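**Student:** For this one, chain A is given, so just place chain B on it according to the hints.
Read off the chains here:
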Amino acid sequence: MTTTSTRETQIVADPDVPLVRIVREFDAPPEKVFRAHTDPELVVQWLGPRSTTMRVEHYDCRTGGSYRYVHESGGQEYGFHGSFHEVRPSEVIVQTFTFEGMPDGVALERLVVEDLGGRTRLTATSLVDSFEARDAFLASGMDTGVREGYERLDELLGR
Amino acid sequence: MAADALSRVFSALADPTRRDMVARLAVADATVGELAEPYDVSVQAVYKHLKVLEDAALVTRAPGPQPRPVHLEAQVFDLATGWLERYRRRAEQRYRRLDDLLRTMPDDADPHPLSEGAPP
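As given, the protein sequences belong to chains A and B, one line each in that order.
Letter by letter, the first sequence follows residues 0 to 158 in numbering that gives the first Met the number 0.
Letter by letter, the second sequence follows residues 0 to 119 in numbering that gives the first Met the number 0.
Hints were generated in silico from the structure; no laboratory data involved.
Be aware that a few hints might be false.
Stated by the list, open to error - Every beta carbon over 10 Å from chain B, so not counted as near; a handful from chain A, in silico: (1) Val19; (2) Arg54; (3) Tyr77.
As the list claims (entries may be wrong) - Partner residues aside, some chain B positions facing chain A, computed with beta carbon under 10 Å: (4) Ser10; (5) Tyr38; (6) Asp39; (7) Arg95; (8) Leu100; (9) Asp106.
What you are looking at is a predicted structure, and each value in this text was computed from that prediction instead of being measured.
Glycine is no exception: its CB is placed at the ideal position from the N, C-alpha and C atoms.
In isolation and in its complexed conformation, chain A is listed as follows (with noise of 0.2 Å):
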């Protein structure tokens, strides 16, 4: 249904199944994509709000692997942990991704990356059990420690 359509970040809400979809193109080939999403020494570089601290507690990138890294800000610690499902070089990463203010919860993230020729598509999909677990995933953020977040995004996007 809703689809924001830019050449930046394009972003979908699936009607039909709870899931959101990013896609983004990249100016560098699949194997560097797909490294900065699999090294933890490259992860923690872009990963995590800049008004954040990322700290990897273990990043275990291959099939059958696990991770499980923590967010600091303002004193308070966030913690996300999950399983990698399926890795293939430079091509998927399926992965568990949960939050563990919501332990219970968790979303199954598909990590697509296509080679266009020297530079990348990514597509990066996040499916949850329920459009109210979908609805709450998107209104994430919202909270006041976000919110000055957005307002230096804005100056950023300003720019």
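**Tutor:** Chain B alone, transformed into the frame defined by chain A:
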């Protein structure tokens, strides 16, 4: 907007006929008869769609004698799509950081970092 209210908006907009109705109401108010015209469905079916849109607070009908025009509550519509846009921007911000990283990453650090321990 509470998550369940947002949920109602998203599920109301999940139906293609209702999306089309909303798109037409974004241009101008319309009566139920006018809304029903282009569709191969009964007026009763259109009333059912309207009920869903009304429950989601996406549309209202002014009280009074028939025909009462249907009015799109654009603020509710914008708010719902606004959430999606904020989420999108957050993803965009994240991926701009990844852009920066990709520019500084060496091309061939370790071509097969995953081969170790991976199944054959």
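**Student:** Confirm or reject each hint.
**Tutor:** How the hints compare with the structure:
1. Val19: Incorrect as stated: the minimum Cβ-Cβ distance to chain B is 7 Å, not above 10 Å.
2. Arg54: holds, 17 Å
3. Tyr77: The assertion about A:Tyr77 holds, with a minimum of 15 Å to chain B.
4. Ser10: Cβ of B:Ser10 sits 6 Å from chain A, so the hint holds.
5. Tyr38: violated, 18 Å
6. Asp39: violated, 21 Å
7. Arg95: holds, 8 Å
8. Leu100: holds, 5 Å
9. Asp106: With Cβ-Cβ at 7 Å, under 10 Å, it holds.
This entry does not satisfy hints 1, 5 and 6, going by the numbered hints stated previously.
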